[in-house]
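Novice: Chains as they are written, first to last, in numbering that gives the first Met the number 0: chain R, 0 to 275; chain A, 0 to 120.
Please keep in mind that the hints were generated in silico from the structure rather than gathered at the bench. Any given hint might turn out to be false.
Here are the simulated lysine-lysine pairs, DSS-like style, with alpha carbons at most 27 angstroms apart [claimed, not checked]:
1) R:73 <-> R:247
2) R:247 <-> R:98
3) R:166 <-> R:98
4) A:59 <-> R:166
5) R:73 <-> R:172
6) R:116 <-> R:82
7) R:36 <-> A:61
8) A:61 <-> R:116
9) R:166 <-> R:116
10) R:36 <-> R:7
11) R:15 <-> R:116
12) A:49 <-> R:98
Here are the in silico distance ranges between beta carbons for each label pair [to be verified]:
13) A:69 <-> R:171: 37 to 43 angstroms
14) R:258 <-> A:41: 46 to 52 angstroms
15) A:61 <-> R:165: 18 to 24 angstroms
Given the structure is predicted, the values throughout are model-derived calculations rather than measurements. Here a beta-carbon is modelled for each residue, glycine too, at the ideal position from N, C-alpha and C.
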Amino acid sequence: MGDSNMAKVLVVTSGKGGVGKTTSTAALGAALASAGKNVVLIDFDVGLRNLDLVMGAERRVVYDLINVVQGDAKLAQALIRDKRVPTLSLLPASQTRDKDALSDEGVSRVIAELKEKFDWVICDSPAGIERGATLAMRHADVAIVVTNPEVSSVRDSDRIIGLLDSKTERAEKGERVEKHLLLTRFDAVRAGRGEMLNVEDVLEILSIPLLGIIPESSEVLRASNLGSPITLNNPASAAARAYFDAAKRLNGEALDMTIPSDRKGLFGKLFGRRAA
Amino acid sequence: MKLINFFRRQSTAPVARERLQILLAHERAVSGKSDLIAILQEEIMAVIAKHFPVDQEGIKIKMERGEVVSTLEVEVEIPTPMCPSFPLPAKAVVPVKHVLSEESETACADEPDTEMARTGT
Numbered sequence: 000m001g002d003s004n005m006a007k008v009l010v011v012t013s014g015k016g017g018v019g020k021t022t023s024t025a026a027l028g029a030a031l032a033s034a035g036k037n038v039v040l041i042d043f044d045v046g047l048r049n050l051d052l053v054m055g056a057e058r059r060v061v062y063d064l065i066n067v068v069q070g071d072a073k074l075a076q077a078l079i080r081d082k083r084v085p086t087l088s089l090l091p092a093s094q095t096r097d098k099d100a101l102s103d104e105g106v107s108r109v110i111a112e113l114k115e116k117f118d119w120v121i122c123d124s125p126a127g128i129e130r131g132a133t134l135a136m137r138h139a140d141v142a143i144v145v146t147n148p149e150v151s152s153v154r155d156s157d158r159i160i161g162l163l164d165s166k167t168e169r170a171e172k173g174e175r176v177e178k179h180l181l182l183t184r185f186d187a188v189r190a191g192r193g194e195m196l197n198v199e200d201v202l203e204i205l206s207i208p209l210l211g212i213i214p215e216s217s218e219v220l221r222a223s224n225l226g227s228p229i230t231l232n233n234p235a236s237a238a239a240r241a242y243f244d245a246a247k248r249l250n251g252e253a254l255d256m257t258i259p260s261d262r263k264g265l266f267g268k269l270f271g272r273r274a275a
Numbered sequence: 000m001k002l003i004n005f006f007r008r009q010s011t012a013p014v015a016r017e018r019l020q021i022l023l024a025h026e027r028a029v030s031g032k033s034d035l036i037a038i039l040q041e042e043i044m045a046v047i048a049k050h051f052p053v054d055q056e057g058i059k060i061k062m063e064r065g066e067v068v069s070t071l072e073v074e075v076e077i078p079t080p081m082c083p084s085f086p087l088p089a090k091a092v093v094p095v096k097h098v099l100s101e102e103s104e105t106a107c108a109d110e111p112d113t114e115m116a117r118t119g120t
């Protein structure tokens with residue numbers, strides 16, 4: 000089991016909705032757990048939970064984060080252990096209650112308890128900059144800012160970076176939250192044509208270090224259709240390889256930054272471009 | 000000509016980049032100002048606390064940006080220890096210069112219609 004001194008709390012956040020927070024939480028969590036780490040994923044999107052669905056655990060939810068925070072259920076009763084990777088667990092959000100049911104003290108207590116048991120505590124933030132999002136980032140040691148190469152997503156990421164530097168426990172103690180950029184839904188061909196912000200543009204504007212570039216891939220939707228993180232459903236796909244690399248970098252490995260691509264034959268290439 | 004237009008039409012990313020750089024420079028400056036508000040709140044609080052017993056929660060500061068002038072609204076709640084005979088006016092509006100107004104309000108259940116008193120600086 001995890002050593003609480005080594006345990007890291009990671010928030011996956013973005014400001015904007017629909018950029019891939021939940022997909023990335025599931026994919027990175029499964030990648031870290033597959034590498035032998037004890038990982039728990041917490042869904043902070045109270046009222047609109049979805050991590051359970053992306054993980055394929057929606058029919059196994061009995062108790063949720065609010066039940067545990069309010070003391071109605073023990074942590075062990077609410078945790079759902081993944082059937083594919085035994086070192087991966089999920090603490091789902093409540094679908095019926097509202098975010099005000101989460102008290103600061105209650106969340107602190109649950110996070111502290113999870114740090115005793117796991118190496119990585121990964122908090123999937125709701126969209127927005129309201130209380131749900133600030134609560135999800137509150138105890139973070141490390142933050143992943145998920146960004147699409149698109150103006151509104153970059154702007155919202157900038158706001159979230161500001162919050163990470165002011166509203167977290169670490170910021171209040173005068174310490175830093177380790178921040179990483181995860182660029183998702185990236186299309187190297189379109190960026191090359193000048194139709195899409197390129198990696199350097201986004202890095203220069205947001206000025207936080209890059210954790211990975213996840214290429215736009217139809218495999219991501221296929222995996223979520225099936226309720227399986229992309230890193231488990233199709234580990235050989237370009238997006239999954241990018242997530243595996245990002246997970247290794249989180250563990251401190253220095254890897255060259257590449258943009259993996261799904262190899263296509265001539266036929267596929269011709270059609271792929273037309274369709275895009 | 001058509002070929003030139005074709006290439007020109009594709010290159011929208013530099014525009015996106017420039018728009019973001021300008022916008023975020025502005026937004027970062029504004030969000031830096033919210034720290035100023037927090038500092039003002041603390042300092043105004045310290046001054047008022049010398050004269051009245053005030054609660055940390057009882058002060059509200061709001062900044063509104065206008066085209067010609069911006070206004071800083073300060074609302075301080077002062078608890079009234081002896082409601083009917085408390086010597087303070089129930090509501091005092093103190094204009095400070097032309098852009099700064101301080102508004103202090105004391106709620107008094109027994110005398111809801113206490114006359115408003117005005118004092119200049």
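Novice: Hint by hint, note whether the structure agrees.
Specialist: Hints and how they fare:
1. R:73 <-> R:247: violated, 32 angstroms
2. R:247 <-> R:98: With Cα atoms ~33 angstroms apart, residue 247 of chain R and residue 98 of chain R exceed 27 angstroms; violated.
3. R:166 <-> R:98: holds, 17 angstroms
4. A:59 <-> R:166: It holds: about 20 angstroms lies between the C-alpha atoms, which stays within 27 angstroms.
5. R:73 <-> R:172: Since the Cα atoms of residue 73 of chain R and residue 172 of chain R sit roughly 30 angstroms apart, the hinted pair is violated (cutoff 27 angstroms).
6. R:116 <-> R:82: holds, 18 angstroms
7. R:36 <-> A:61: Measuring from Cα to Cα gives roughly 48 angstroms; hence the hint is violated.
8. A:61 <-> R:116: violated, 45 angstroms
9. R:166 <-> R:116: Given pair residue 166 of chain R, residue 116 of chain R holds - Cα atoms ~26 angstroms apart, limit 27 angstroms.
10. R:36 <-> R:7: holds, 11 angstroms
11. R:15 <-> R:116: Between residue 15 of chain R and residue 116 of chain R the Cα gap is close to 31 angstroms, so the pair fails against 27 angstroms, i.e. violated.
12. A:49 <-> R:98: violated, 39 angstroms
13. A:69 <-> R:171: 37 to 43 angstroms: violated, 29 angstroms
14. R:258 <-> A:41: 46 to 52 angstroms: holds, 48 angstroms
15. A:61 <-> R:165: 18 to 24 angstroms: At 19 angstroms between Cβs, range holds.
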